[in-house]
Each structure stands twice: as structure tokens, then as C-alpha cells.
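There are 4 protein chains.
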Amino acid sequence: MEPSRIKNPDLAALVDENEMAWYRYVAPISEHYASLIAKRDYRGKRLAYWGHIVLENTIPMVLALKQAGVEVVMGACNVDSTNDVAAAYAASQGIRVYGWRGMSQADYQENLRLVRAFEADYLCDMGGELSEAYLDRQPPVKGALEATTSGLNLLKGRDLPFPVFDWNSIPLKERLENRFHVGDGVWPAFSHVTGLGLFGRRVLVIGYGPVGKGIAERARNLGALVHVSDLDPVKMIEARHHGCEAVGLEEGLARCQVIVTATGFEGVLREEHLRQVRPGTIVFNAGHSNREIDIDWLARQPHQRMKAHIERYEIGEKFLFLLAKGSLLNLAASDSAHGLDLFDHYTAVMLLGIAWMFDEMPADIRPGLQPYPAHLEREIAALSVRIHGGGG
Amino acid sequence: MEPSRIKNPDLAALVDENEMAWYRYVAPISEHYASLIAKRDYRGKRLAYWGHIVLENTIPMVLALKQAGVEVVMGACNVDSTNDVAAAYAASQGIRVYGWRGMSQADYQENLRLVRAFEADYLCDMGGELSEAYLDRQPPVKGALEATTSGLNLLKGRDLPFPVFDWNSIPLKERLENRFHVGDGVWPAFSHVTGLGLFGRRVLVIGYGPVGKGIAERARNLGALVHVSDLDPVKMIEARHHGCEAVGLEEGLARCQVIVTATGFEGVLREEHLRQVRPGTIVFNAGHSNREIDIDWLARQPHQRMKAHIERYEIGEKFLFLLAKGSLLNLAASDSAHGLDLFDHYTAVMLLGIAWMFDEMPADIRPGLQPYPAHLEREIAALSVRIHGGGG
Amino acid sequence: MEPSRIKNPDLAALVDENEMAWYRYVAPISEHYASLIAKRDYRGKRLAYWGHIVLENTIPMVLALKQAGVEVVMGACNVDSTNDVAAAYAASQGIRVYGWRGMSQADYQENLRLVRAFEADYLCDMGGELSEAYLDRQPPVKGALEATTSGLNLLKGRDLPFPVFDWNSIPLKERLENRFHVGDGVWPAFSHVTGLGLFGRRVLVIGYGPVGKGIAERARNLGALVHVSDLDPVKMIEARHHGCEAVGLEEGLARCQVIVTATGFEGVLREEHLRQVRPGTIVFNAGHSNREIDIDWLARQPHQRMKAHIERYEIGEKFLFLLAKGSLLNLAASDSAHGLDLFDHYTAVMLLGIAWMFDEMPADIRPGLQPYPAHLEREIAALSVRIHGGGG
Amino acid sequence: MEPSRIKNPDLAALVDENEMAWYRYVAPISEHYASLIAKRDYRGKRLAYWGHIVLENTIPMVLALKQAGVEVVMGACNVDSTNDVAAAYAASQGIRVYGWRGMSQADYQENLRLVRAFEADYLCDMGGELSEAYLDRQPPVKGALEATTSGLNLLKGRDLPFPVFDWNSIPLKERLENRFHVGDGVWPAFSHVTGLGLFGRRVLVIGYGPVGKGIAERARNLGALVHVSDLDPVKMIEARHHGCEAVGLEEGLARCQVIVTATGFEGVLREEHLRQVRPGTIVFNAGHSNREIDIDWLARQPHQRMKAHIERYEIGEKFLFLLAKGSLLNLAASDSAHGLDLFDHYTAVMLLGIAWMFDEMPADIRPGLQPYPAHLEREIAALSVRIHGGGG
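Residue numbers (the numbering used here), protein chains in the order written: chain A, 2 to 393; chain B, 2 to 393; chain C, 2 to 393; chain D, 2 to 393.
Simulated from the structure, these hints should not be mistaken for lab results. Keep in mind that a hint or two might mislead.
As the list makes no split between identical chains, a pair holds if one copy fits it or if it spans any two.
Claimed, not checked - Below, simulated DSS-like cross-link-like pairs (lysine-lysine); rule was C-alpha separation at most 30 Å, straight line:
#1 K8 / K308
#2 K157 / K143
#3 K67 / K143
#4 K319 / K8
#5 K40 / K319
#6 K143 / K326
#7 K326 / K67
#8 K157 / K40
#9 K308 / K67
#10 K143 / K319
#11 K40 / K308
Assemble the whole structure, with the sequences as input and the hints as a guide.
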């Protein structure tokens, strides 16, 4: 098989064992399972991992699997998210790794092809592309994990010859990650980029699903005057009950000083909306798509970079500021990992799911999309409560 | 048909038209529909209403129907909730009414029999007993509305010869009423009864469904140190993310000064739990059942009334205070209507549902439990947003 | 000396010892000192009390003094606040009492004259009128306590022949009572009277001193969209930092649905302002004066009573609702004692202050306004922390 | 006079005019005054500035003064806070600048000597050292501004031959900066350094003055279980009313997972306290002094660096993590300017104060510490309200 394709193997030397110890320390749930799994004998198991490659979660997980004897191959599921030090470090531990920050789309596809060539028996996927690539494997892979809505959408219509366990829809992820994690990260990133606080600022949150709720709640707690716009009138009434001002989109655009999209849809803020904002409005996106704001139209207006992550656009007589070019602000403009304690749960979900596929998955399990085993989720949540909750 | 059975017809004179005008004023959504419906010609329609009979919501609704020519008969769905002035007033307007505050269970059943004898074509039910009583009508009634979980449970197993439209499960009710209304009412009732604030008090909320969430959120906003106990560990993690301390039940009992049950189950606090509370703990219930706390066991311990709605129980060397004898505190110990603006939505749901059954229900609708028409819910929510939301 | 002048001595029989036990139970700080003081020998001490006469705080305090042998005479400092059962009960215990609910201004003055005739050596005053009445006593009284700003203002210019200890300005009162107690009581009273919640409602708080801050904070916690108007621009900036919208008075009047005055000044809302409110606005007062709103002008507009504590006024084409006729809403429209745990501190302040004047006050203390002894305040606060704070 | 002493004059080329435009844009209040003052004729005025030298506030202020003809000399008041690009840029504009990041204490003193040698007529000081250095100037300087508590303490006992205007004590600074700014910055820095959120974490805030209040309030809003310890029992009761658990120091140390000092005193956490914390506790400082935690004792325990700003100390069998080596976390570990909108007010305070000393200061003003002119503060606050508050 092909050797690793990474930025630079020498970067492995930059890994600081103390820093790794910190990341393990703040992830006690997955660390608990990692240390159990590392002691097992999983020799002969072949696993392909397709996901983000970072120091904080990925490395402890794959090292534990490696230590148990699993043959692991890793590919980066995103052209931008790879920490090249982490990739080099994994490679230095005898894991084949494919991916680097800033790779081209062609390289991305080539990497996917190479991970497919590994002929894994088990998959740990984020985005569905790995499962899709393995559809034609004979015999079929024994099982796969899938983490994302877009992955599920991609696989939904396909005739899957193997079971894919959906852990995107488990309460532990649905009720926590979107609801809390984005809002918790977006406003520190906003302040980091702009230098501004939220005190007394009129903020418009477009979209009041879990992501929008979290963003709105956090903004209100930071002192903002939060306005909410959503097409669903029941959500508008909910927003009022959470202390937000429910407004029509036009009214919100006309009144607010900071506007954030969190709808999950593309093209939410288009030319006709962007022309309506108050002069000097700060606009950014925190939804799933990088195209909730029509950045193509904006790109055709006169614009200039103010500072890192702030672009100024002239729209007729007016101007607005766009942050992070319309990408998800908390991912694009944050300078540090955050929410490690929350992600700890999801690393555990992957680890336990993989071990369960190895050890306990019924032989006669049906192929196709399946729910992630509820007893594993419950076990992880219960451990979290024992560690974090309760008095102690 | 039998004449009305009410406390005293003369009480109708106590109705203050100005007070009624206030109740209409603070219910603009249902008032909007009531005024439209009052102008229609519904002569020949026969409707039986089985629900609470109070001035604030019931009277404007049934008067509008009456004015449109509907023949309405009303029965009280609860032996304690009837406002006898409201009942007398409805009777004075030519509506037959069956129910009074404090009636016996036998009278309750007799009233149900009398309302059944009316041979209505349409039902507006709370609790399922009216629909059950009409199961044998020939030809079957044309349609029914049902408002409650217990009603749905009662009817679920039955072979229904007519459609029953469930408006208990619509988002407008599920996402608002339990989530906000109980919490909003429970703590003012607590302060009204005890004279105490929540500042700095350790409060244990048992059960973290929508009702528990609302109670916990409101308590935290009132300055309490909120602890949450729930059997579902994912809910425990949610509670932590809402700023509550997640505790095991035993630990919560040992630490907290105020304990509230909100589980929806019976027998949540039993002898073994009640023996563990700190001396002087204040205990009350805000769940669906009046038996979340084992009041039978408590009744066998030495006890005395301290003041209205406060009973002191001796448990060995310890003592605790139970509020409202374990009934739902916000209903039992509140001295005034509250949340009229929220209930406004539900009066509109009933009014629009009745009019839709009269006018638009497809002739070939299937019998059995059916969802309440989504377009009606959406219309009501949109009107609410127009009236309450937005800037103006 | 004149016998008691009260509503009806027979009312003493209505006192429920269990209810009294509850009031003692929820006031552990003052109860601690009351039980200590009751055991002392204060025979020969003559104390005049001029204050509110209610069951919850007053009775346990005066009974402890009485039990220690103090000769106590009580007069009601307010024509409306007396609980006639409490007055009768005190009288039944051998204390002379002067005052009843609804007495005339002439009776009030006559009662003050009678308490003055007692020739007390020590005073416990609320409002300064008792101290003023005693200015001419020879020899001068030995010491007095004063609880209110208006009392201090009344006495400030006078040539006081005895020391008056000001406990209005101690941090324990300044930082807690105004800041928390009013806001905590005002919104439950609002909901009690109107039947409405605050969710999503635009509320204007006029005046952002401690009272206004507490009202605004609590309203925001109850889900309101809080607007603040204050003449001091620094307070406006503070309001923004607390998540409120700072607005000019005119703008606030034009936008808000609920308006509350909390300035401490008279004539804040006058004709020109009341003409500007939105139709249907609910207006009330929570400041120190009952005349923050120009009720004389309103009284000349067409008006009608809607229900208890709600009056509707027509102003040209518009109308508004005034609650509690412009009196302090939390006092006028609350149906129950609240904040007993907070007031517990102040009962202790009086008790300890009285005992200190008896026992420890230096013989050579200067006459005139003096600070309340800081070590007593500190002792009370420390006991509060031991009882309520800390883990236990 | 000596030329500038800075890191590297070539760094001036790194200034990005667009970034400067952003800093001006988010500081509309001081920008307003800067543009007015830049047009005046202040030739012949000699001003020494002793303060932080950064791009965001300092440069626009001194450029405006320079443009008006003022002769300005700048010195850095802190060995670590200088932005060397800003210093180079100021020097490139013809201003003499003394200071660079990481200078020695000896260089610091030498710089102070050089700024003293300028023989300024007006001073703008942070920390009092500049004013102290100028005590012997003959004739005395005409006026000085002082920004800090420590500066006021330094000057308090001295016989000042010129007026020093204290803007540390103005409400605009006292009620906003400490109360909001530290809390707003400290928790994002915490998450930046540790990767952790505050959800459900037990946090102990030691000291409940304005700084502690802001830190506690913000932590609670971020989902923490906030505990407060303060020697003043009234502050403890206040903390309870703000929804915090008031605890003794020992109890707080034994229960909490994150501990922050905010007392303003040195030696608050000493050996005996540090031995009591739970294993793995995260400790940091947000008070005025860098020595609230006994870092000397900690330095003698076995320790190692985990990652940037996190040190692990072994204390017997236990271990704890100290952030930023005990320095103020929000200053030491923040990677970006924040609160620019709040600091905007203080830049305006300096600018307006300087112009007032030039133009309007009475000739017969008394030497010594004087309050900053109240009408200037009011004007700035009113402009802030016009710009930020109100509806628009």
C-alpha cells in the first residue's frame, strides 16, 4: 500500500507530550475507554478512518486502536482542517495518513482513492464519502459509523450492502452539540476578530433551530438585545418566550447591528437583503453551509480587507462588514480548540462504536442505515454524569 | 333535555362586563377568531363541550359559538376547576351547563350522562371521557377535538367510529405550554404560599422533561442554585449545560432546601426518599399527577397545618413541609389566572378546530385519532407573531 | 395612659399559632436574637415603636421585648398597612397599640400624640415623625433608630437633642432591599393583577437607581425586552451593559407595552408623556412616591375600572391602563407577604439596635444623626451567611 | 533631546491603514473628539504621555494631538504591554517614543528619566510615576491626568505642586470598567487557554468587589455553578442574591474545580490554601495584583509546563494547574484586543481632559489631587448614549 501523504513527517517532533497529556486530561470519558481498548487484542481488524485529523481528539483515539493491534488508515475529510503536526505524529506511530491542510480538491479525491485501496473491514466516516467509496467492496465491509447529516443524506438513497450506524441523530449529539457548542464558540470568535463586546448591541439571529437557539441564548447572556427571524411562526413564539424579539427578516435587517445566519440553508441573505442592512452592519455565518450568505454577489461589490477575517463591502451608498468570508465563524476564525470537554463525548461514541462492531455486533445485523446502539450512548452519558455531575 | 345543573343561577349577576372586556383584551388571538365566527351562520350545529369552565377563556369562546347559532352544551371536566359565576353566566345566555365547584364524583358522572344525552354532532373534549361516552352514538358524531395526553391514552386502544383531532401534540402546545407555562406559574405560587424568595436557595428539580426544564430555568433566573435529577443521563448532561448541578436523587435530597417533582410519574418520592431530606425541607409537586409524592404515607405521619397550603410532617426526628398537599402547586395554590396570553393560543386552537369541523373537514375523513390540521396551527401562530412579535 | 386604639380586640383570637410558627421559622436570624433578648432583664426600659404593624415581623419582635420586661408602646406609621389581627394580638399581650387599617389622617395624628404621651426613653421609628414628636421631651430620649430616607430627610435640618441611629444607609439595607426586594415583588404582583406574563413584552423602566436596576434585571430574567430611560447618561451606559436597551423617554414611551416608574421623584409621567404612549399600554409605579405618575390629570380623563387594580383611561383617541392607581404596585396589589427571608435581616437590625441602646451605647454619645453601629450590622450579616450561605 | 528608544523603527511599515481604520470605526466616541481636536491649534503645548502603547487606542489619540500641533513625548508604563509596531509607527510620525516589549527594569527607569527630561507642561499618566518624576520641575507642570488606583495611592501622600486630575474614580470608569470589562475578557481567555467551557463547572470567585461581581455574573451566564467567597458578609449576602453560592474559603477550595482570585490584595491564596484544593483544580488570577496567588511558594514545588499559559504543580499527592503564572489572565493570555467599544470611552476621557487643561482649566486651580471635571465625563457619556443607545 501507498505510504502516507502528509505535509512533512518531521513535524512529528513538534508534538509536546505535556500538551498531549493536557488534551487527555480534559477528555476523561474517551480517555477511560481509550485505556480499556488499548489493552485488548484487536489484531487483524482493519479500520479506515475518514475525519478531521487534529491533536486533541483524533490522536488519543487512533493510538489506542493502534495499540490494541488494529490496522488503522486515516484520511482527512476536509481540505482545511488538518493539523499537520497531528498527521505527522500519527504517521510516526506507524499509521498511514492521507491529508494535509490546504490540499487541492484533486489531492483530496486521490487520498480518498488511496484509503479505499486499503480494503478496510470497518469504517469510521464523517461525511459519507468513505462509505460511498466502499460500496463496491467485495465482500462488503462489516460495519461503518457515520457522524454527519450530510453523510446521512448522501447515503440515504443508496443501496447499502453493509450496516451504517448513524450517531448524528443520537440525543447525546443532537441535544448538546448544535444546541450549545456553536453558540459557545461563535461569540468568543466574534470578539476575537472584531475587538467588540455584545453589551447592548442589537443582534439578529436568522434561523431558530438548535444552532440558532444556542447562538441567541448565549448572545443574550452576553448582554445583547437579541432579535430572531424564522419562517416557522411557532419558532418565533418560542423565541419570544426565550426573551428575544421576534421580527420579520426585513425589520430585523433594518434594525440590527450584527447579523448571523444559522439556518442550514443556502442563499438566505441575498442581494435584496444585503442592500437593506444598516450602514456598518457586521454580518457572519454560523450555519452548516458556507453559502448561507451570497458571497458571490458580495464578491462583485467593491471591497477591501480591514484586518484578519474582516472584509468591508460597499453596497451603493452603504457598507457592511463580512466576517470570515461567510464561512462558519467559530471554525474559521477561532484560534484555538474549544469545547474539548463536550467533544470528549463524541470521541467516546466513536471508540465504543468501533469496539462494539469488532466484538458485539450481531452477525445477522441488517445492512443499511441503522441507529447507533442506544446502550452505548447511555453508558457514555452515564459515565459523563459520574465524572462531571454529582457532587464529589 | 335536562335544564342546567349549576351552583346558583343568580351568580350570573356577579359578572363584571369590564372584567370580561379585560379578558378579551388580553386574548387578542382568540378574540379575533371569536368575532369572525360569531358572525357566521352555524344554526343546526350541535356541539358538546367538556372542559374547564372559567371566565377567562371559556366564556368568550362559547358565546361566539352561541351567537353564530351553534347549539352548545357544556360540562365541567374537573370537579374542582369550575368558576360558578362563569357557569351561571353561560346558563344565563341560554347555554345548558352541567358542573359546579366541589361536586361529587357521582354528580360528575351524572353530568357526563346528561351531556351525552344531548346527542351532539361535534365534541370539544378535555380528557377523553366525553368522546368515550359518545362511542355508541348512532350515527357517529362527525368529529371531536381532544386536548390532553390522558385523553389520548384513554382513546388510544378504542375502536373510534369518528375522527378525534389531537391538539395535545401540536408544536404550539408541546413546545410552549409545558416548557414555559408551568415554570412561570409555579414560583410565584411558591412565594405566595411561603413568603420566601428563591435567592441563593438550593432547589432540586426531579425530572428534566419540558416541565422540569421550565421550572429549573425559571428558578435559576430567580436566583436559586438549581440541582436536577433525572434517570436519563443525557438529560443530566443537558441540565449541566443549562447551568444546573446534575445530582443523583440521594445527593439532591441530602443537599437541597426546596424539592419539586416534575416527572409525570407516580410515587417518585416515597418513604425512603422522604426520610432522607434535610430537616425543614419544603417539598411540592408540579408534575402531571397529584401523586408524584407519596401523600398516603405522609398522611400517616404526625402532621399539622401551618398556614394555607403548608403542612408540616414529622418524620422521625426530622420534619418537612409539603405544599398544597402534593397537588400541582401552580394550580392548587395560585389565587389568580395567569398566563392568559399563552392560553389565548389554545382557545384559538379550539375555536378554529370547531369551525373547521363544521365547514371544511373532508367528508371522507378517516375515523380514529388524527393530527390536528397543521394549517390551522400555523395560521394561529402566524397571527400571534403579527400581534405580539415584530416591532410596530 | 390611654388604652389601645385598635379596630377590634376580638380579632386577637384569629391568630393562628401555627402560622406564627411559620413566620418565625422563615426568619431564623431575627428569631435567634429574639430568643436571646427575651431572656434578658430589660425591666424599666420604655420603648416607643412607630412602624408597620403586621404579623410576620412585628409581633415576634415586640413579644421578645415585652418578655424581657420592656414597656413597649406601638403606633402604626401608615394609615393602610396595619394588620388589625396583629394589632389586636399585640394588645392582647399587654402592649398598648395605636392604629388600624384605614384610619383617617386625624386619627393618625391623634395616635402619634398618644404615643408621644407615653414619654418613652427609646424610640424605634420609621419615617421620622416619632422622633420629631419627641424633640421636646425633657430629659431627651436616650436614643432612636430610624429606618427610612424620608425620615432622615425630615430630621436632617433639625436640632436633635438625642442620637438617632440611621439604619437606612447601612450596606445591608442599601445593597439588598431596594436592589432586590422591589423587583422581586413587583412582577408577581403584575401577573397577579393582569393575568399576563412578561415573555417577549417590551417593558420600559424609568429610573435606573437600585430599584430600577432590580426591576429591570428581574423583568429581563422573566423574558421581557427591557428598555431603560434615565437622565444620567452613565446609568444609561450601565443599563446597556446589563442587556437593556437604553432609550430616551419619548422613544421608550412610543415603543413599550408596559411602563414602570422607579425614579423616586414626583411628576415623572405627566400629561405630555401619557399622551404619547401606545394604545393599550399598561402603566404602573414602583418608586418611593405614589405620585411619580400624574394621577390627578389622569383622574380628569374618562376612565373606568376593569377589574381589581386595573383602571382604563381614555386619552383622546388612545387609552391606557393604570395599575393600583399609581401606588407602589408590589405593596398595593400583592395579596401576600413576600420576601420574609430578606426582611428577617431588618427585624434583626432593629432588635439588636434596641438592645445595644439599652446595654452598650456609650454614655457620652453625641446627639444628632449617627451611623448605625457597624459591628451589629456585621454580626447580623455574618449570622445570615452561617445560616443561609455555606454548604451545610 | 534624545531620539526615540524603540525596538525597531522599520516595524512602522507593518501598520495596515485598513486595520487602523477598523480601530477608528469601533471607537466612534474618541474618534469624534480626535477629529475635532486635530483641527485646533495647540502649537506650543508640550505633553508627556506615560501609558500603554498599542495600536487601538493610543495611536489615534496621539496622532490627533500631534496634528493639532502639540509636542508629544510617549513612554511605556509597562515593560510588557508595548506593541512595538505601534511604537515604531508613532515614532515615524515625528513623536518621540520610549519603550518596547520586554525591556528591562533598568531600561524602564532610563526611559522615565528621558521623558522627564522633555520638560513637559502637561502630563497624561498611568500609574503616577510620571507625575512623581515631575514633582521637582520648575515652574511646575500646569496639569496632569491620572488613570489608576495605584497611581493615586502613590501620589496621595506627596506634596503636589500641580493639579492631578483623577479619572480613576469617575462613575464612567468605576461602574463600567472593573464591573464589566474584566469578566467579559477573563472567560474567553480561560477557554482559549484550556479548551474548556464553563458549563456545569463549579467555579470559585474569591473577592466580590466590582471585578469579582463581573467575573461571577459572566461565569453564571456561561453556565457555571458559581461560588463566591469574601470576607465581608454583606457581600456574601449580595452574592447569594445574584444566584451564587456563598461559601467560606475552605469550603470553596474543597468543592470547586476552577478558582479565580479577584481581591486586589496580595497573598490571598497561600500554601495552606493551595494544599486544600481538589486534585486537578485550575487556578488563576484576575485581580489587580500579579501576586494574589503565592507564586513563589508554587515555584518551589515540582512543576512542568503543559502548554502555553498552563503550568502543572505537584503539591504532595495532589496537583493543580496555574494559568498565566498568576498574572491577570485576561491581559496575559488573551491573543487579541477586546472591549474596544468600552475603552473608547476612556480614550475620550483622556483626549477631552487634555484639551480642557489646554483651553479651559481655571488659572487659579488648586494644586493636588482633584476630581476629573464632571461636565466632561457627562458629555462623553451623553455622546455614547446618542451613538450606541437609543433606537436609530
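Results of checking the hints against the structure:
Proximity of K8 and K308 under a CA criterion of 30 Å is satisfied in both settings, with 28 Å inside one chain copy and 23 Å between copies. For the homomeric pair K157 and K143, the shortest alpha-carbon distance inside one copy (18 Å) is at most 30 Å, but the shortest distance between copies (41 Å) is not. Proximity of K67 and K143 under a CA criterion of 30 Å is satisfied intra-copy only: 19 Å inside one chain copy versus 67 Å between copies. Within a single copy, K319 and K8 get their C-alpha atoms no closer than 43 Å, and across copies no closer than 40 Å, so neither meets the 30 Å cut-off.
Proximity of K40 and K319 under a CA criterion of 30 Å is satisfied inter-copy only: 27 Å between copies versus 63 Å inside one chain copy. In this homomeric assembly, K143 and K326 never come within 30 Å of each other (Cα to Cα): the closest approach is 41 Å inside a single copy and 51 Å across copies. With identical chains, the CA atoms of K326 and K67 are never at most 30 Å apart, being 39 Å at best within one copy and 37 Å at best between copies. For a Cα distance limit of 30 Å, the shortest separation of K157 from K40 qualifies neither inside one copy, at 36 Å, nor across copies, at 51 Å.
In this assembly of identical chains, the alpha carbons of K308 and K67 lie at most 30 Å apart only when taken from different copies (25 Å versus 43 Å within one copy). In this assembly of identical chains, the alpha carbons of K143 and K319 never lie at most 30 Å apart, being 58 Å within a copy and 46 Å across copies at closest. Only between protomers do K40 and K308 lie at most 30 Å apart by alpha-carbon distance; the minimum there is 28 Å, versus 49 Å within a single protomer.
Going through the hint list in order, the structure does not satisfy hints 4, 6, 7, 8 and 10.
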